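Peer 1: Sequence:
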Amino acid sequence: IPAHEETAVNGRWVPAPGRELFETLGEKLGGLPLVAEDLGVITPDVTELRKTFGLPGMKVLQFAWDSGAGNPFLPHNHERDSIVYTGTHDNNTTLGWWREEIGDEARGYLSAYVGHEILDPPWELLRLAYASVGAVAVAPMQDLLRLGPEARMNTPAAAAGNWSWRLCEGQLEEELARRLRESAGRYGRLPGA
1 IPAHEETAVN GRWVPAPGRE LFETLGEKLG GLPLVAEDLG VITPDVTELR
51 KTFGLPGMKV LQFAWDSGAG NPFLPHNHER DSIVYTGTHD NNTTLGWWRE
101 EIGDEARGYL SAYVGHEILD PPWELLRLAY ASVGAVAVAP MQDLLRLGPE
151 ARMNTPAAAA GNWSWRLCEG QLEEELARRL RESAGRYGRL PGA
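Heads up, the sequence shown is in the working numbering, so the first residue is 1 and it goes up one at a time.
Calculated from the structure, these hints are not laboratory results. Bear in mind the structure is a predicted one, so any value in this text is a computation, not a measurement. Backbone N, C-alpha and C define an ideal beta-carbon position, used for all residues, glycine too. Treat the hints with care, since some could be wrong.
[Said to hold, decoys possible] Pair by pair, the computed Cβ-Cβ distance ranges are: (1) 135 to 176: 22 to 28 angstroms; (2) 158 to 37: 18 to 24 angstroms; (3) 45 to 100: 33 to 39 angstroms; (4) 8 to 67: 22 to 28 angstroms; (5) 52 to 100: 37 to 43 angstroms; (6) 177 to 115: 39 to 45 angstroms; (7) 141 to 37: 19 to 25 angstroms; (8) 179 to 5: 43 to 49 angstroms; (9) 45 to 115: 36 to 42 angstroms; (10) 166 to 191: 15 to 21 angstroms; (11) 69 to 39: 18 to 24 angstroms; (12) 100 to 39: 16 to 22 angstroms; (13) 163 to 52: 30 to 36 angstroms.
Generate the whole structure from the sequences, applying the supplied hints.
Peer 2: Written as structure tokens, this is what we have:
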């Protein structure tokens, strides 16, 4: 992408030294403590490279509810080498997504998938993340606290208002820790499980 361009529209794909780069990094670092952001258009060679080097991929549950049972983000399609997210820093909070973004059909699909009406969207997605076979489950703090769109971390391509949310003193309570531990234990996600 030329340096003077404001967007990537006038850019072009340039082959990168994928395999050689990861081999060198693995040798120098003694392993690859990386996560592959395999969202968007992913080609078979990218998937092969990720698997060859043991890089876990991403499964974002907010992306799971709009294209039927084959959607790769649905929990029953997850693989062990996945990191499962309720949402990421680039998504709305799960409560914001539920209130403002998810369509009626996807909302109905999610409710049917879990077998009941969704009353607590952030914690329902956290439960699905914990229940997934994915190696790691991640929920942004805003989801754990059940915060709405006012707590969104980042809106891609927005020039202002990003990265300003902060966790305030007193927002973390013992009840939250207890509930997280209980949920983690239920799904075998505590150390030693």
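Peer 1: Failing hints, ascending?
Peer 2: 6 and 10
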